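Enquirer: Residue numbers (my numbering), protein chains in the order written: chain A, 7 to 289; chain B, 7 to 289; chain C, 7 to 289; chain D, 7 to 289.
FYI, nobody ran anything at the bench for these hints, they're computed from the structure. Keep in mind the model is a prediction, meaning the values are calculated, not measured. Please note that a few of the clues may not be correct.
[Unchecked claim] Here are some chain C residues the structure puts well away from chain B; computed CB gaps all over 10 Å:
1) E51
2) R55
3) M67
4) D111
5) R143
6) G145
7) E211
8) P219
9) M266
[Said to hold, decoys possible] The calculated lysine-lysine pairs, modelled on DSBU-like cross-linking and capped at a C-alpha distance of 30 Å, are:
10) A/K289 - B/K272
11) C/K289 - D/K289
12) B/K289 - A/K287
13) C/K272 - A/K272
14) B/K287 - A/K287
15) C/K287 - D/K289
16) A/K289 - B/K289
17) C/K289 - D/K287
18) B/K272 - D/K272
19) C/K287 - D/K287
Built from N, CA and C at the ideal position, the CB exists for glycine as well.
There are 4 protein chains.
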Amino acid sequence: MISAMSSQTETPRRAAHHADEDRWQTALTSIAPNSILIRGYAVDELMGRLSFADAVYLLLMGELPPPAIGTMLNAVLVSSLDHGVTPPSTLAARNVATSGAPLRDSVAAGILAFGRHHGGDIESCMRFLDRGLTIVRAGRSMQDAAHEIVDGCLQDGRTPPGFGHRFHTRDPRAARLFQMALELELEGEHVRMIRAVERVIDAEEAETGRHLPVNVDGAIAAICADLGFAYDLGNAIFLISRLPGLIAHAHEEAVRQQPMRQIDPKDHQYDGAASRRLPEKRK
Amino acid sequence: MISAMSSQTETPRRAAHHADEDRWQTALTSIAPNSILIRGYAVDELMGRLSFADAVYLLLMGELPPPAIGTMLNAVLVSSLDHGVTPPSTLAARNVATSGAPLRDSVAAGILAFGRHHGGDIESCMRFLDRGLTIVRAGRSMQDAAHEIVDGCLQDGRTPPGFGHRFHTRDPRAARLFQMALELELEGEHVRMIRAVERVIDAEEAETGRHLPVNVDGAIAAICADLGFAYDLGNAIFLISRLPGLIAHAHEEAVRQQPMRQIDPKDHQYDGAASRRLPEKRK
Amino acid sequence: MISAMSSQTETPRRAAHHADEDRWQTALTSIAPNSILIRGYAVDELMGRLSFADAVYLLLMGELPPPAIGTMLNAVLVSSLDHGVTPPSTLAARNVATSGAPLRDSVAAGILAFGRHHGGDIESCMRFLDRGLTIVRAGRSMQDAAHEIVDGCLQDGRTPPGFGHRFHTRDPRAARLFQMALELELEGEHVRMIRAVERVIDAEEAETGRHLPVNVDGAIAAICADLGFAYDLGNAIFLISRLPGLIAHAHEEAVRQQPMRQIDPKDHQYDGAASRRLPEKRK
Amino acid sequence: MISAMSSQTETPRRAAHHADEDRWQTALTSIAPNSILIRGYAVDELMGRLSFADAVYLLLMGELPPPAIGTMLNAVLVSSLDHGVTPPSTLAARNVATSGAPLRDSVAAGILAFGRHHGGDIESCMRFLDRGLTIVRAGRSMQDAAHEIVDGCLQDGRTPPGFGHRFHTRDPRAARLFQMALELELEGEHVRMIRAVERVIDAEEAETGRHLPVNVDGAIAAICADLGFAYDLGNAIFLISRLPGLIAHAHEEAVRQQPMRQIDPKDHQYDGAASRRLPEKRK
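In isolation and in its complexed conformation, chain A is listed as follows (with noise of 0.2 Å):
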């Protein structure tokens, strides 16, 4: 994904060094007085002609993004923008920021929140959709290799990776990711894994006792997996998408709150916009 592309242009380049072979190498962005491409394109040029999350899509994977995935990006990385204060991320950066640190603290500690159980989900979830479809390319239908990776979690006592939420028993975020997938025409054999994923533990519900909803990480991973994004790189958009929320918290937080206070995240009260709809040229 992130190749090493050689090209005629750099031939002369090679030619001047020759110690070439020992230098170590980089194929994202090349600086030169007054220059900078990314990934071959002036950055001047990509101003005002992409969307941040085109611009994105073409750093992270070396090309520009076809419009329906540069729309379906977009899409996901506003999914995940925030998610009100009680995330234990936003509890981080709020308590960073209640010392009297500076955002940018705030923010990286909030980054460090996003463990295996928060955000990290992401790149465990594509890994087992991966393994689903290994057990399909060995020959077996969709369903059973559904059928086999749930239950290898159920038994280890583990929640499928990408089902489940602490608030929502139906995470709107998903729904409308999958929705859009489906009509950009971008849905690709991860998303198809995934609803047989969900129709296996839907089915199980009863025996289970548990109603798992397939979560905004769930989407996030099959649509990212789908587009050819890395294991790392899957989490890494969740971290694009949530930086303006932990952001907003601590920018919040330093403006409204006293310093050097005990943060209670069940005390809380929203006091902002009341709900609204966009206006009819925004649709």
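Fit chains B, C and D to the given chain A structure using the hints.
Expert: Chains B, C and D only, in chain A's frame:
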């Protein structure tokens, strides 16, 4: 508890909770089962309808951006996406990655390297321009004000924030941002002030012997200030912009290099895509 | 303090490298195959002969500490080892731990919460005391100087750094540190200045209506300043002291609590060892 | 290890709080106005009576260490104090410092670079030795067990954790730690197992063609495991040990170098104290 209250519905709830005054308050996102409202808008309604940059503006500023501001903010976020392997933030991220730590740890370390000389310069520049505008409001001309704040820096041996670059004598990102602010009719008093400062510094170049071009931090500072961002949110915009760069370098380090290597910032070679132009249809 | 000590042994090395002037220099530790010299001493010779606190002094200050300073520094490092679950740094570390992140991520987040109101106060207090001593050197009395710097804070609505505590009306750690500094004959001008400030604040309590006892940060600041530590190393001493506390809480969170819980700082209970005294032989 | 010790004194407290079952519990430190009890001991009573290393043991393990363990732990903490400018953690810290960020940000970034190849190796080695001891408990000899776990690594192309070093062919810190464990009569089964592994690896050197000396991480791992530390606390001991090194480098970078420089890890020169011996009275 975390419901999105329209004003009428608050009365009964306040009655139920006598201690509401003691609760701490947040105006960002309200969470209820199967409902996530960001600044009052359902996140699943925003998905597919707002670009990520639009949604960032909504979360940080509280309202939907007019289209011109959305376009501007996308360009600002693209402008600082990556700057190759040499910034200290990128080297901090790569040094963490070479130890075998997970991607989010590399990224957090990179963010910590946005000190006052790197990224943090945006906030300094916003304050610097506001000092100039305070002088203007006291009755002096833009040019006089620019002279005064520039001389204040130079007399203390400091480079005016937002000016000078280690590599570029003309920062192509700054030029493009100012051009877009003009075309989108988003130029405000901070952009006018930084252009006045630019003229003063250029005029004094013969005297100071230093060429100090306006840089991308200066352009972001002026534009974010005109858009009404708080000081620390100016830095935060840079942070959102550069995060994908930190991710790409941490990922590339893990995938392409041996662990525990000594990373020499001068010894690398670009082996990525050759210089290329955007296809006509993306312009 | 970190001086560049030349020595005879360097002469041949300098001869071998013509470009030495261009190399960047470090005076801390020299590494050669099978040899690690910290400030010139073989680390394996230090092991078993210096306490960790002695070795920290050697590394940071460049010379072995006299025994009284070693004793004092051990006490300073013990003083701030832990302060239960309520400091924001501890809560930041626990919120990272509950996400399933590794221990070092929790600890890094905790360190980021040593902002200017928490830990960072030591540096502020060192500067505050030095402002007082500058006044003394200009010919005024200790008491006059203390009055002036205290009033400077109170008039701005700021609490004098190193004074006041959320929980304690008399900080037992500060009292013990001052007692030890006296007994070890390590009291210097910074300790005398903070005692003068203490008397001024006590005398003004009737007027200000606020009881502001000297706290452990103030005591560490005065003692570290008398020992000759640089401002930022004063904060660093606190950081070394509290690190085991952050580790213990991150470990306890991972071992004793469910992942992804909402951590309410007011809802905990201590279930550890009952109050006990040191055995006679350790006194 | 961090056990919930009940005691008579808790009974009245429990009686007072009916909802105690719902509270989350901590066994580390209890705070009351003007009282800080660490594992039941008043911190001001510990100050001046315990070395910092003793106090760390008390906090992490719950009880006072016998004197031999206190001596051993001081030596372990001194062993990894610093390793010059080349470790990735030190370079991460210096890259943050050169951006103008505060010392604690540099230190946090350095800690994040203790990935599984650097510092994190201690936990891997503890698990590796425990795999050997499990084989011994199943009735095999130490030597057989050592052969099996070494071959398990080598067959997978992995270096056995705790062995090999980038710079040293004989790690002087490991040798000194093993000597002290012997003299202090603290050698346990993990030290015996790692010595058995060492003999196996030495014997296979002719075959593998690689010289893999036991390193300081291996020695710390064996000793900490014999002392009863949990796996993640083994890494944590390294973290406490190296923290002053990170601090010293971040401080030196800020004080001696220009900001925003490109840090080449191969281009430095030591200009500190010449090689010297401890004075007789410190031996």
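Enquirer: Each of the hints needs a verdict: does it hold here or not?
Expert: Evaluated hints:
{"no.": "1", "hint": "E51", "in the structure": "holds (27 Å)"}
{"no.": "2", "hint": "R55", "in the structure": "holds (31 Å)"}
{"no.": "3", "hint": "M67", "in the structure": "holds (25 Å)"}
{"no.": "4", "hint": "D111", "in the structure": "violated (6 Å)"}
{"no.": "5", "hint": "R143", "in the structure": "holds (25 Å)"}
{"no.": "6", "hint": "G145", "in the structure": "holds (29 Å)"}
{"no.": "7", "hint": "E211", "in the structure": "holds (28 Å)"}
{"no.": "8", "hint": "P219", "in the structure": "holds (27 Å)"}
{"no.": "9", "hint": "M266", "in the structure": "holds (15 Å)"}
{"no.": "10", "hint": "A/K289 - B/K272", "in the structure": "violated (49 Å)"}
{"no.": "11", "hint": "C/K289 - D/K289", "in the structure": "holds (24 Å)"}
{"no.": "12", "hint": "B/K289 - A/K287", "in the structure": "holds (24 Å)"}
{"no.": "13", "hint": "C/K272 - A/K272", "in the structure": "holds (11 Å)"}
{"no.": "14", "hint": "B/K287 - A/K287", "in the structure": "holds (25 Å)"}
{"no.": "15", "hint": "C/K287 - D/K289", "in the structure": "holds (24 Å)"}
{"no.": "16", "hint": "A/K289 - B/K289", "in the structure": "holds (24 Å)"}
{"no.": "17", "hint": "C/K289 - D/K287", "in the structure": "holds (24 Å)"}
{"no.": "18", "hint": "B/K272 - D/K272", "in the structure": "holds (11 Å)"}
{"no.": "19", "hint": "C/K287 - D/K287", "in the structure": "holds (25 Å)"}
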